[in-house]
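> Sequence:
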Amino acid sequence: MEGEASSHPEQADPVAGAAPAGVQAGARDIDSLLAALEQYAERQVAPPVNQNVGLLEKFKKLYPMEFEGTFKPKEAGDWLKTVERVLTTMGVTDEQKEADFINLKQGSMSVAEYEAKFNALSAYATNMVDTEEKKGRWFKSGLEENVRTRMTTYKEKDYADLIETAKKIGKDVKEMFSKREQSKKSKFEARQASQGENQAGFIEVGVDFNI
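Each step along the sequence shown adds one to the number in UniProt numbering, with nothing skipped, and position 181 is 181.
These are calculated hints, taken from the structure and not from any lab test.
Certain hints may be false.
Below, simulated DSS-like cross-link-like pairs (lysine-lysine); rule was C-alpha separation at most 25 Å, straight line [unchecked claim]:
1) K174 - K155
2) K140 - K155
3) K134 - K157
4) K140 - K185
5) K184 - K105
6) K105 - K140
Please read these numbers as outputs of a predicted model, since none were measured by experiment.
Could you build the full structure based on these sequences and the hints that come with them?
Right, dumping it as structure tokens:
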């Protein structure tokens, strides 16, 4: 009826706006699963002899379909459930994902990359990150040493602020090491040039002496 139709606000086109909350949550779960899969693969240093393909190749064979993105919650949900079944078949359990979270370190990743993996895997260790302070403490403990030591006095109560501070410090540390390497390179090149000039001088003196 006309009256009933006018009582409901017009719904925005989902493609034009942000993805529905269900899809956003699904996307986060997908990130969690893929991060866990990558972490699990990294631990397979000595796979069994009869395992002639890597874990990622095994995953592709069990489920070759790629997630291309969708605004339809059902499609995203169905894909996610299938991936979860495949990972369960491969032995990637929630306990392993929780262990991956506990052992997660920044290493050579940027702070932003580390944050993405941290947030994905923290979904499997909710009891460890159920407050901003606990989440911040875990995050800080896994930071690369040069970043972490510059944040020793930083309080973890505001997680979002801690992330931004870590990113800034991470950028500063990267620039510092970049300048240091550039300085070493410049000094080395200058030393090489100086040695080349000295060597050329010795040759000229030798030639004059023989004459």
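> Could you run down the list of hints and mark each one as holding or not?
Evaluation of the provided hints:
1. Distance hint between K174 and K155 is fulfilled; the C-alpha atoms sit about 23 Å from each other, no more than 25 Å.
2. Only pairs whose Cα atoms come within 25 Å are accepted, and K140 paired with K155 is accepted, the gap being roughly 10 Å.
3. Of the supplied pair hints, the one linking K134 and K157 holds, its CA atoms being roughly 8 Å apart against a limit of 25 Å.
4. Of the pairs offered as hints, the one joining K140 and K185 is violated, with about 33 Å between alpha carbons and a cut-off of 25 Å exceeded.
5. Restraint check for K184 and K105: the C-alpha separation of about 29 Å exceeds 25 Å, so the hint is violated.
6. Distance check on the hinted pair: K105 and K140 sit about 10 Å apart at the alpha-carbon level, within 25 Å; holds.
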